[in-house]
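Chemist: Here is what each chain is made of, one letter per residue.
Protein chains: 2
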Amino acid sequence: MKVIKTVSELQKIAFKHLKNGDEIGLVPTMGALHQGHESLILKSKKNDDVTIVSIFVNPAQFGPNEDYLKYPRPTTKDLQLCKKNHVDYVFMPTLNEMFPNNHKTFVEVPDLQNIMCGKFRPTHFRGVATVVVKLLNISYACNAYFGMKDFQQFKLIETIVKDLNFKTKVISCPIVREKSGLAISSRNLYLSTQEKEISSKISKILKEALRDFKNKNLSYLKKTTVNKLNKIPHIKIDYVDIVNFKDLSFADKDTKKAVLAVAVWIGKTRLIDNIIMTK
Amino acid sequence: MKVIKTVSELQKIAFKHLKNGDEIGLVPTMGALHQGHESLILKSKKNDDVTIVSIFVNPAQFGPNEDYLKYPRPTTKDLQLCKKNHVDYVFMPTLNEMFPNNHKTFVEVPDLQNIMCGKFRPTHFRGVATVVVKLLNISYACNAYFGMKDFQQFKLIETIVKDLNFKTKVISCPIVREKSGLAISSRNLYLSTQEKEISSKISKILKEALRDFKNKNLSYLKKTTVNKLNKIPHIKIDYVDIVNFKDLSFADKDTKKAVLAVAVWIGKTRLIDNIIMTK
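These protein sequence lines are chains X and B, in that order. Under this note's numbering, think of the first position of the first sequence as 2, with each following residue one higher. Under this note's numbering, think of the first position of the second sequence as 2, with each following residue one higher.
Calculated directly from the structure, the hints in this document are not laboratory data. Careful: at least some of the hints might be erroneous.
Heads up, the list lumps identical chains together, so a pair's fine if it works in one copy or across two of them.
Unchecked claim - Computed list of lysine to any residue pairs in SDA-like fashion (alpha-carbon distance at most 25 Å, straight line):
| no. | residue 1 | residue 2 |
| --- | --- | --- |
| 1 | K168 | N144 |
| 2 | K44 | F246 |
| 3 | K105 | K247 |
| 4 | K168 | G22 |
Start from the sequences and build out the full structure, keeping to the hints where you can.
Modeler: Given below as structure tokens:
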């Protein structure tokens, strides 16, 4: 496993692989790797000739009052997880390498970035979009892997790749959950034991909604989900939305495949989760 | 010479060339090809193993009241010019091929797109930025060629390519002028004989400013340029700006390399021109 720090070095190595006819897989992460990331790495190891994991805490996707500075950066542990999984290259650029002071360009998908999480994190998705386009160009990825926990992010990237004619395939992996049902996230590290316990109720409430999807109407489903979530102590709901799987538009009675997506605060920690519901 | 209509076909062919180790040159145009475009094609033919000319009148870079519909589309003549110059591939996609109805993604460089021409054409440069990123991904261009008449466009694309880590080199070619000094442009086709004659004064006024650049201060230079332009009959000035060659910031007395850029209307035709001034 080789750790690469500069754009030019990775670009050179990746281009050589591309010319050799190697299939390149990219797993873009912000580090603090967990079983969710591991599932993406394993999928790439299975599909691709070369697996690149990028670890970069991207300031462009944090708002001014968000947790950029305190976001966990357990580098040694992250590299161990990559090594254990036979990752070929870990790309760990500095901030200045990715966003030098005179960086001016942004990729935007207004229709997808100003809804759901974007309503509460107005610059988040343009930060995600921009860094992912950069990483695709640096890594020459044939396949890029994203977890379904960040469902909006997955759809955003799928859209960008299609719209901007990248040849990359965007591949999703299912949400990995703890035994309790809690969706695994790097931000779970912020939760106290008690908060973790109560957070596990979120996924149970989503499962109940899934059960009701075929029989109940969507406004009932949304209302009961909000009501149930509000009974969790110390919770503050950012949103509960039922959207079309295809394009994140609001689902209606004719929607065959929908996603119930929620974002909530448990104390000082923001958690997201979702469940896919099909008729 | 092969004319290609679909994204997937060009992408397939270009990727094959890339893997063969061929240097690919891209000349992005909106057609109505003239000697300016021809100079770009000739430069690519000299530098590259493969030359691709794209011809696409990009609606995303026209404002709602601009000349998208009446923009000249002399396809037969354009193809003849390409053939004469031994272009390898002409990419002529349909609107739906480049921007299907559900297109949602834009590339933006706010700092560079809201000044100069951008003040008068607020969505123009995001249209340019987005289509160029698409064309780079479709053509796998190693080199992309742009004329210096659209100086702001050239700097915008240089910035995008650097910021988004495209490996493409952005190459500029000097403005090609008619004998009268008038910068050659597809939009010159709109000018009447009389308008053409008076338009030739623009470049003469720029040349006079160049002569004065070393000795006069910038506000004097700008003021006299405005005054001289205003004496041209039927003229309406959009802007006269003196900017830093490097980053389009306003030039000051310490600027060693500046660009005097103007946009004017002659009757119903908008013309741009500029001159590089060095100390």
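Chemist: If a hint holds in the structure, say so; if it doesn't, say that too.
Modeler: Hint by hint, here is what the structure shows:
1. K168 <-> N144: Result: close both inside a copy and across copies, 9 Å intra and 19 Å inter.
2. K44 <-> F246: Answer is within: at 22 Å inside a copy they meet the 25 Å cutoff, but 48 Å across does not.
3. K105 <-> K247: between (31 Å within a copy, 14 Å between copies)
4. K168 <-> G22: both (14 Å within a copy, 19 Å between copies)
Figure legend: structure checked against the earlier numbered hints; every hint is met.
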